[in-house]
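Colleague: Could you use the hints to bring the two separately framed chains together as a complex?
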Amino acid sequence: MIHQEGSAISKRRRSDHAIHDATAAAVTVRGLSAGYASYPAIIDVSFELGAGERLAMVGPNGAGKSTLLKALAGLLDPMKGEVLIHGHGPCRHICIAYVPQKNTLDWRFPITLTDFVMLGRTQRIGPLRKPRSQDHDIVRTSLDAVGLTVHAQRQIGSLSDGQQQRLFIARALAQEAELILFDEPLAGLDVHTHREVLELIANLYRREVTVIMSLHDLSIAASHFDKILLLRQEMLGFGTPKTVLTEIVLKRAYGSCLQVISGEDGAFIVQDTACSGGEHENA
Amino acid sequence: MLEWLVAPLRFAFMVRGLIAAIAVGVLCSAVGAFVVLRGMTFIGDALAHSILPGLAVGFISIGKGDRRGMFWWAMGTAILVALGMGWISERTRFREDAAIGIVFAGMFALGIALISTVRGFSVDLVHFLFGNVLGVSNHDLILLGVFGGAVLLLLFLFYKELVLVSFDITLARTLRIRASFYRYLLFVLIAVTVVLSLQTVGIGLMLAMLVTPASTAHLLTKRLPAMLMVGALLGAIAGVVGLYVSFHLGVASGAAIVLVSIAMFLLALMVSNFCKIARCFHRS
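Just so you know, the sequences run in chain order A and B. Heads up: the first sequence begins at 1 in the numbering used here, then just goes up one per residue. Heads up: the second sequence begins at 1 in the numbering used here, then just goes up one per residue.
Chain B on its own, in the form it takes in the complex (with noise of 0.2 Å):
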């Protein structure tokens, strides 16, 4: 058994990967719970297909190969991208999802536009989009505490704020809270997040990570900081045992993080369901 557990610790590239799991495990996770709360699961998609222009002109500017610089060309991108989103949606009549729709399909076709006009590409975008676990560097492993951490801190800071814009934005404007402001700030956080989290892990698991434990544990608890906190717990969990499993049965090692977290996902279902199932019987 402790063999089974250590053997994977022999490898640099395990423990790297097994710190960029939970690090983004717990960061989507909190994040993803107000992503979920408010209904715009689609964003995060949306966000990582946005950022296809701001790829395509850092390519053109700094030459393709340089993984840094784009780096700083999709986190540049996403935010101007999700301040966009909230923008349409607050100055016109559109919802949320229209707008962030909106923003999306405009973003995505600019990106194609721009390249198609150049050649070689496609690879390294590739690359980007599919980011993998097992291929992360010390590097990316910084970027994600600095601004991993920058992003948890101003939840937690303004932790109150957020909720109240997120539940009740009558309330937020009537209470003569800058509303807008907390708004925008819960879009940037959202794009910092996608940006970290596609780097890392790839499109696939950063969208399985931003809606899957928070919804779980959306399950489980009745109050946001406990669904914060078991939604964070779960998404560590996921991609500490996703990675054992695909280190020890062989398996594509996002793909088996994303399949823990929907079994844990499946679990608390059936668990929550036992639950009222047996509260009924209690009373009657």
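In isolation and in its complexed conformation, chain A is listed as follows (with noise of 0.2 Å):
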């Protein structure tokens, strides 16, 4: 596989940044506070992750959600409590890909699909240098594995909402991300593109790359990942879909704003409309 072939250069290469510590869990997180000038946004957050599981953040609009990602890839400093990732602080690791919320990037910027995602190995080719022939292989293997190779010579101006996704995806594949944070990908997208992105983070899980994801659809959330973290400010639930999807549990996170529709065997079809943070009460 080419992420660990990668890992082993690298590790060979850059000893300046954190080697991972085998026998600590893939994200541990404990007491974290966290959040911008002295109000925080997340309060007392704790829970530990195993390398390749899949987690979805849910929560109401201004829960915290995009917070605790940035503390998680090292783009936040904790006010309180730590973020360990393999065993070590985030901001030592080269291995997280970190996906912010749509359209925070110039899609008309001169580059194509291939320069995108060669971008994700910036750090591993080292400053002065050029990109090498495993350098180019590794971009070209990432390309194909979310199926965009047709387009590699294309601009990325050129690409629907759903290829966009699929091309960070690449680039954190190309990244060799071993944990890859993304900020409500699936959000304007329609269902159809949902399953596409949801198909290529099932893939990530038979490369045992970890994944975080935030998101609104309660009902994605439950069949598509292994671990629930339902967050507002506080953590009010972490586990499995079944132990954290009860309906005491959510009406605490979401108020009245949440539609709860008991079934017969104890599951339930919920929800979110989303409308505490205010962003969707005109839509």
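Hints listed in this document are in silico derivations from the structure and should not be mistaken for laboratory results. None of the values given here were measured: they were computed from a predicted structure. Relax, there's no trap hidden among the hints.
In silico BS3-like pairs for lysine-lysine, Cα to Cα no more than 27 Å straight-line:
id, chain 1, residue 1, chain 2, residue 2
1, B, Lys-276, B, Lys-222
2, B, Lys-160, B, Lys-222
3, B, Lys-222, A, Lys-130
4, B, Lys-160, A, Lys-130
Calculated from the model, a selection of chain A residues having no Cβ within reach of chain B, i.e. all distances over 12 Å:
id, residue
5, Asn-61
6, Leu-189
7, Thr-193
Glycine residues also receive a C-beta, built at the ideal position from the N, C-alpha and C atoms.
Modeller: Spelled out as structure tokens, the structure:
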């Protein structure tokens, strides 16, 4: 697998980066509070994830999902508590891929899909060096893995929303990421495209890549993920979908914004109307 | 025809002017590609005005008439100002253009305040801000060669990282690349380019050369390396053609170069739109 070969090479070349502690969990969060200025957006969050597990992060708008993802990526320093990725703080890792919410990039930028994916290898190539043939190979394999090879030489602006998400996944693969953080990748995508993206994420599972994704659709969270973290500033629940998605816990997270319809075998269909943050109110 | 081409070369000032125009054309277009793509075309104007207090202090301390000394004052001030702009946009929630605007306004006002205390300064200042491509000295050409060469070399060496921080700074941070270092580097490269161009070709031409060839190249290419190459080529062509036009038609040299480069932009705009329309017809 490209993933493992590459890691071995980069460990030899760049010893200044954290070497993974095999005995530690992929993600360990202890008593984490984080936010902007002096106002914490999340308070006292603690959980642990094994390598290759897929975690769905749910909660109303403004619950602190993006803040938690940034803290995990090492883009935001904790106010209290700690984040450990494979036994070390996130800031020394180059194996964390962070996919921000849509449209933070200028898609008219004159780079092709290949160039875009190659950006993920910048650190592994190293300063003052050009991409070597193995870098080109990894970029090609990564684009192939998400089915974008035919468009490899096109400028990135011509992609659909779903293809953009696939491109981000390809870049994470080229980065040899072992933890991928997605901030609402499904927002604004149609149902068909949801399926495409979720299938790719199922493939990541086979590569033992840990995935943490924030999303709004609770039924997708329940059906496609190993664990669910329910967040509303504090962590209201963490565990398998069955243990977390109970009516009492969900009511605490969403209040009256949630529609819960109890089924016969204890399962239920739920919908997050996401009204507490205000951004959907006009919709 | 041959006579038409050779005639200007009999004059040493024309030869120096051509060399300067080509060098500035290449330098500005290459650096300009990053300026255009980051949406900070305003920075050229801002930097040019922000060096005013540096020029004023230089003037007061070394006396008037020393143009060589003024160059170093301008360069030092521009680099400090560029670092200041980078610092403000990084440490605060302001976007880059707001940070540039704040520093621009503050420094320009400080410059005016300093100048108002000294008489007889304005004439020398005008010379500096409105350099003339036909009045370039050998000393200017050497400075242009050394500093311009250094800028292009750094751009080439750190190309990969500069593209990354310009396009996706969040990725740069998660890859633990020293994103701020490369951002500051880019600001400094722009500052050096602005001062070099200012001194040789003046503020109006510098602004045009920083933005126009790079934008023209953006229309014609889909990859950044190609955009840099095409932009540099277009910048050089605009310089040469502009000077020939200026020589034979008696038009002001700076204006001629700007007009040629604008004409190339309009032509590229038409070509790229024509291609789009043609493609639409082809599909349907």
